[in-house]
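**Student:** Listed below are the residues making up each chain.
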Amino acid sequence: DTAVSQTPKYLVTQMGNDKSIKCEQNLGHDTMYWYKQDSKKFLKIMFSYNNKELIINETVPNRFSPKSPDKAHLNLHINSLELGDSAVYFCASSQAGQVNTIYFGEGSWLTVV
Amino acid sequence: DQQVKQNSPSLSVQEGRISILNCDYTNSMFDYFLWYKKYPAEGPTFLISISSIKDKNEDGRFTVFLNKSAKHLSLHIVPSQPGDSAVYFCAASAMYSGGGADGLTFGKGTHLIIQP
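Just so you know, the protein sequences line up as chains A and F, in that order. Using this note's numbering, read the first sequence as starting at 938 and increasing by one per residue. Using this note's numbering, read the second sequence as starting at 1359 and increasing by one per residue.
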């Protein structure tokens, strides 16, 4: 039973398209995150959501918008995709403020052509 | 500005020997450190952690050492096994000083290769 699941796992799309990546956690955690691993292998935080409130946004372009219908879900919407958006996107969750409880999803490989 | 640095992109170790992975950090607010292991096409999985009030934490074959004055931590794996071949990420947080909501700051990872 997967703790943090994200879909799709692989996504190839054209520049200019709008796409979404979904994430769900069944751990009862209060905080969910999106991380991006770029071509240089850096794993950087993009967003953090705590009880449906965005609490950090690390200078991510506003083409990226997280949407949380409830505390078990945090979806990532990307508008007007650019080549540089190609990366692996990881969803994660934790108990509020407790990074020692962070669990990651398996990642979504986005390729923009 | 890299706040967490893993200066060795890869490390090759013979099976049965000790693997030592190193990590340096610059932010003195960091008070909690974690190591994650990542296989290809999978997400990072938690391995071991240490808080800044300790200088050593051990879990089976894995031991993490923290040298706060040097802002350095290391992960020791002994004995190394073929299944340990993976990318290891060092991560840090200012969890105890209220920065837990900021998530983790990761290093670039070290690819550990265990040779039979």
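For the record, the hints were derived by calculation from the structure and aren't laboratory data. Hints should not be assumed to be uniformly reliable.
[As the list claims (entries may be wrong)] Under the rule of at most 20 Å between Cα atoms (straight-line distance), these lysine to any residue pairs were calculated in the SDA-like manner:
(1) A:Lys946 <-> F:Pro1398
(2) F:Lys1412 <-> A:Lys977
(3) A:Lys1004 <-> A:Leu964
(4) F:Lys1466 <-> A:Phe979
(5) F:Lys1363 <-> A:Ile982
(6) A:Lys978 <-> F:Gln1361
(7) A:Lys978 <-> F:His1469
(8) A:Lys978 <-> F:Ser1443
(9) A:Lys978 <-> F:Val1445
(10) A:Lys977 <-> F:Lys1429
(11) A:Lys973 <-> F:Lys1429
(12) A:Lys959 <-> F:Lys1414
(13) A:Lys973 <-> A:Lys1004
(14) A:Lys973 <-> F:Thr1403
(15) A:Lys978 <-> F:Lys1412
(16) A:Lys973 <-> F:Glu1400
(17) A:Lys977 <-> F:Leu1369
(18) A:Lys977 <-> F:Asp1417
(19) A:Lys973 <-> F:Pro1367
(20) A:Lys956 <-> F:Val1445
(21) A:Lys973 <-> F:Gln1361
(22) A:Lys981 <-> F:Ser1443
(23) A:Lys973 <-> F:Gln1364
(24) A:Lys981 <-> F:Asp1417
(25) F:Lys1466 <-> A:Ala1009
(26) A:Lys978 <-> F:Gly1401
(27) A:Lys959 <-> A:Asn1037
(28) A:Lys973 <-> F:Lys1412
(29) F:Lys1412 <-> F:Pro1398
(30) F:Lys1466 <-> A:Ile982
(31) A:Lys981 <-> A:Gly965
(32) A:Lys981 <-> F:Lys1412
(33) A:Lys946 <-> F:Thr1403
(34) A:Lys973 <-> A:Asn987
(35) F:Lys1363 <-> F:Asp1460
(36) A:Lys1008 <-> A:Thr996
(37) A:Lys1008 <-> F:Asp1460
(38) A:Lys981 <-> F:Pro1398
Bear in mind that the values here come from a model prediction, so they are computed numbers and not experimental data.
**Student:** Keeping to a limit of 20 Å between CA atoms, is the pair of Lys1466 (chain F) and Phe979 (chain A) held or broken?
**Tutor:** 5 Å, holds
**Student:** Starting from Lys978 (chain A), check that the Cα of Ser1443 (chain F) is at most 20 Å away, please.
**Tutor:** Roughly 17 Å separates the two Cα atoms, so the pair holds.
**Student:** Checking one constraint from the list: CA of Lys959 (chain A) to CA of Lys1414 (chain F), max 20 Å. Satisfied?
**Tutor:** The given pair, whose Cα atoms are some 38 Å apart, is violated under the 20 Å limit.
**Student:** For the pair supplied as a hint, Lys973 (chain A) and Thr1403 (chain F), confirm whether the alpha-carbon distance does not exceed 20 Å.
**Tutor:** 16 Å, holds
**Student:** Measure nothing beyond the straight line between the CA atoms of Lys978 (chain A) and Gly1401 (chain F); if it is 20 Å or shorter, mark the hint as holding.
**Tutor:** 13 Å, holds
**Student:** What's the verdict on Lys973 (chain A) and Asn987 (chain A), does the C-alpha distance respect the 20 Å limit or exceed it?
**Tutor:** 19 Å, holds
**Student:** Does Lys978 (chain A) pair with His1469 (chain F) here, judged by a C-alpha cut-off of 20 Å?
**Tutor:** 11 Å, holds
**Student:** For Lys973 (chain A) and Glu1400 (chain F), compute the direct alpha-carbon distance and say whether it is at most 20 Å.
**Tutor:** With Cα atoms ~14 Å apart, Lys973 (chain A) and Glu1400 (chain F) stay inside 20 Å; holds.
**Student:** Is it true that the CA of Lys973 (chain A) sits at most 20 Å from the CA of Gln1364 (chain F)?
**Tutor:** 18 Å, holds
**Student:** Lys1412 (chain F) and Lys977 (chain A): Cα distance at most 20 Å?
**Tutor:** Not satisfied, since the Cα-Cα distance of roughly 32 Å exceeds 20 Å.
**Student:** CA of Lys981 (chain A) to CA of Gly965 (chain A), is that 20 Å or under?
**Tutor:** 24 Å, violated
**Student:** Take the C-alpha atoms of Lys981 (chain A) and Pro1398 (chain F), compute the straight-line distance between them, and say whether it is at most 20 Å.
**Tutor:** Since the Cα atoms of Lys981 (chain A) and Pro1398 (chain F) sit roughly 18 Å apart, the hinted pair holds (cutoff 20 Å).
In terms of the numbered hints stated before, the structure departs from hints 2, 10, 11, 12, 15, 18, 20, 22, 24, 25, 27, 28, 29, 31, 32 and 36, listed from lowest to highest.
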